[in-house]
Amino acid sequence: MRKAVLAVTVTLALGACSSTPKPLVPDTPEGPASYVCYSTWLSEPEEVRAIADRQCRRAGMEVRGLLGQSWSPMKCGLITPEVAAFRCGRGYGY
Numbered sequence: 001m002r003k004a005v006l007a008v009t010v011t012l013a014l015g016a017c018s019s020t021p022k023p024l025v026p027d028t029p030e031g032p033a034s035y036v037c038y039s040t041w042l043s044e045p046e047e048v049r050a051i052a053d054r055q056c057r058r059a060g061m062e063v064r065g066l067l068g069q070s071w072s073p074m075k076c077g078l079i080t081p082e083v084a085a086f087r088c089g090r091g092y093g094y
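Following my numbering, the numbering of the sequence shown begins with 1 at its first residue and continues without gaps.
No lab work stands behind these hints, which were simulated from the structure alone.
One should not assume that every hint holds.
[Stated by the list, open to error] Between beta-carbon pairs, the in silico distance windows are: (1) R90 to W41: 14 to 22 Å; (2) I79 to P29: 32 to 40 Å; (3) P29 to L78: 18 to 26 Å; (4) L78 to R49: 19 to 27 Å; (5) G65 to S43: 17 to 25 Å; (6) L42 to M74: 16 to 24 Å.
Ideal Cβ placement from N, Cα and C applies to all residues, glycine included.
Model the full assembly from the supplied sequences, consistent with the hints where possible.
This is the structure:
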């Protein structure tokens, strides 16, 4: 019985790590929003900003600003429970 409970717990925890976070805010009129899941214990702010920059560049845009942050372990996973939303657009404004 313990092994079954452990297996279910591990499966649910790993499944949460692969889930896609729901948007904190809708896309902005200037462009799409970039969402980055991270951990304050494991990630530096520069790393989070660099990931957002790469995501915005895929759409041919740059990071214009930070829209907000949230603690969302059920949406981002237990290893990276926080999410930051960045506004993408033309030209740097951040």
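The hints, checked one at a time:
1. Distance hint check for R90 and W41: the Cβ-Cβ separation is about 34 Å, which falls outside the suggested range of 14 to 22 Å.
2. For the pair I79 and P29, the supplied restraint of 32 to 40 Å holds, since their beta-carbon distance comes to about 34 Å.
3. Hint check: P29 to L78, Cβ distance near 35 Å, so the stated range 18 to 26 Å is violated.
4. Range check, L78 to R49: about 23 Å between beta-carbon atoms, so the 19 to 27 Å window is met.
5. Hint check: G65 to S43, Cβ distance near 19 Å, so the stated range 17 to 25 Å holds.
6. The given range of 16 to 24 Å is respected by L42 and M74, whose C-beta atoms sit roughly 18 Å from each other.
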